[in-house]
Amino acid sequence: MRESIANLGRLGLFGLQILANLTPQRGSFADLMRQLYVVGARSVPIVAFGGAFVGLVMSLQGYRTLSTFGASNALGTLLGLSLYRELGPVLAALLFCGRAGSSMAAELGLMRTTDQITALAMMAIDPVRKAVVPRFLAGVIAMPILTAVFCAFAILGGYVQAVWVLGLDPGHYWSALQGSVSLGEDYAQAFVKSAVFGAVLSLISTYAGYHAPPTIEGTSRATTDAVVQGSLMILFLDFLLSALFY
Amino acid sequence: MKLEIGVGAFIVLGFACALALAFASTDARGRLGGESYRLNARSSNLGELKLRAPVKIAGVKIGEVAAITLDPVAHDAVVTLNISRVAGDLSSDSSASIFTAGLLGERYVAIAPGGDVDALADGDEIIYTQSAIVLENLIGKYMFGNAKSPDAAAKPAPAPATPEEK
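Sequence lines, in order, name chains A and B. Under my numbering, residues 20 to 265 are what the first sequence spells out, in order. Under my numbering, residues 157 to 322 are what the second sequence spells out, in order.
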């Protein structure tokens, strides 16, 4: 019990250390670009495919249930509200956690095991500033972008399933969607949620990797911890943020 | 080089998705209106009229409900409507009614134009209003309205369960 509270404290202090090192320096932009590529650009395929399939299946299941009430025209409403309010940020964050969170933790754990972090410290380069801060910032920047990609592909997937396969009228689909999703309340808050998820996920993944014991087992445990704890934290924060917003 | 192209394409894709979503899947177009002015209307029962419910003339949306307040003296509901200038001038004897979209849909305000030469200005009140039709009142009228018909003298009228509303 005391160990987990101490762990939480270390996590918070690590977060403060990252925030203190956020000031840009020479060369930090190149590091950020590299991490944006690794963390963000290379996560687009999984997020896009995941979004498309989520849209397809939600459209299918939603149509089946709504048509028992004769309300199949409300499919756009169902898809839009559930995507923007809950599924978009949460599922994109879970996919991101599985892909980019685990890779961040593994890279930092490997740097710790092969003494690269010690080498940086010996060259008077702050390892947190050099290795951790670009990954953290890349996660915070990439997460809302990935959520936008996820939602776009999910809505397109829902359209394909509803109109081409199930025979719903496209006008009903788009008008129900546009009428029920509010720009300020639903759309904007999806991005606020995803930015928070990105920050928390990046913090947990980089913490797990940076403080991993410098052994092979330590690195693999750090990767697992990053994904498991990150996923649980996303679900918990999603509930918290939804309770705050709505 | 491949790195920068990758990151650039990623960011462009994200913003393109976000913009496309904002216009194709939210009510953004409905919110970007032109000039508008405000009119008030009083009603004895609003039904389930909500904020930002549409205001329609001849079925075309020309505004929204901006505010709903209760007059503590007369105990009437005072509804403030945002009317777009696109709707032109409304004569001062226009009437506002609260209808339902579809059978059990959401409430909206329908304005029927009148014939007066004077036009309503910003801040004026629509005098002729019709309150919302509440389902329970209709059922009550049906149940207790039978007591007035000649058949009711033969059989006892049903005992009133709740006091009938105005």
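Keep in mind that a hint or two might mislead.
[Unchecked claim] Within a straight-line C-alpha distance of at most 20 Å, the following computed EDC-like cross-link-like pairs (lysine to aspartate or glutamate) qualify:
#1 158(B) - 50(A)
#2 149(A) - 134(A)
#3 212(B) - 227(B)
#4 149(A) - 126(A)
#5 206(B) - 126(A)
#6 212(B) - 249(B)
[Said to hold, decoys possible] Simulated restraints on C-beta separations:
#7 191(A) - 172(B): 57 to 65 Å
#8 247(A) - 160(B): 29 to 37 Å
#9 254(A) - 270(B): 22 to 30 Å
#10 41(A) - 179(B): 50 to 58 Å
#11 24(A) - 227(B): 27 to 35 Å
#12 247(A) - 157(B): 49 to 57 Å
#13 43(A) - 258(B): 54 to 62 Å
#14 179(B) - 24(A): 13 to 21 Å
[As the list claims (entries may be wrong)] Which stretches of chain B does chain A cover? Using the computed rule of at least three CB atoms under 8 Å from a CB of chain A, they are:
#15 216-224
#16 279-291
These are computed hints drawn from the structure, not numbers from a lab. C-beta atoms are modelled at their ideal positions from N, C-alpha and C, and glycine is treated no differently.
Hints, verified against the model:
no.: 1; hint: 158(B) - 50(A); in the structure: holds, 15 Å
no.: 2; hint: 149(A) - 134(A); in the structure: holds, 14 Å
no.: 3; hint: 212(B) - 227(B); in the structure: violated, 24 Å
no.: 4; hint: 149(A) - 126(A); in the structure: holds, 13 Å
no.: 5; hint: 206(B) - 126(A); in the structure: violated, 53 Å
no.: 6; hint: 212(B) - 249(B); in the structure: holds, 16 Å
no.: 7; hint: 191(A) - 172(B): 57 to 65 Å; in the structure: violated, 26 Å
no.: 8; hint: 247(A) - 160(B): 29 to 37 Å; in the structure: holds, 34 Å
no.: 9; hint: 254(A) - 270(B): 22 to 30 Å; in the structure: violated, 57 Å
no.: 10; hint: 41(A) - 179(B): 50 to 58 Å; in the structure: violated, 33 Å
no.: 11; hint: 24(A) - 227(B): 27 to 35 Å; in the structure: violated, 56 Å
no.: 12; hint: 247(A) - 157(B): 49 to 57 Å; in the structure: violated, 37 Å
no.: 13; hint: 43(A) - 258(B): 54 to 62 Å; in the structure: holds, 56 Å
no.: 14; hint: 179(B) - 24(A): 13 to 21 Å; in the structure: violated, 48 Å
no.: 15; hint: 216-224; in the structure: violated (count 0)
no.: 16; hint: 279-291; in the structure: violated (count 0)
Hints 3, 5, 7, 9, 10, 11, 12, 14, 15, 16 from the earlier list are contradicted by this structure; the remaining hints agree with it.
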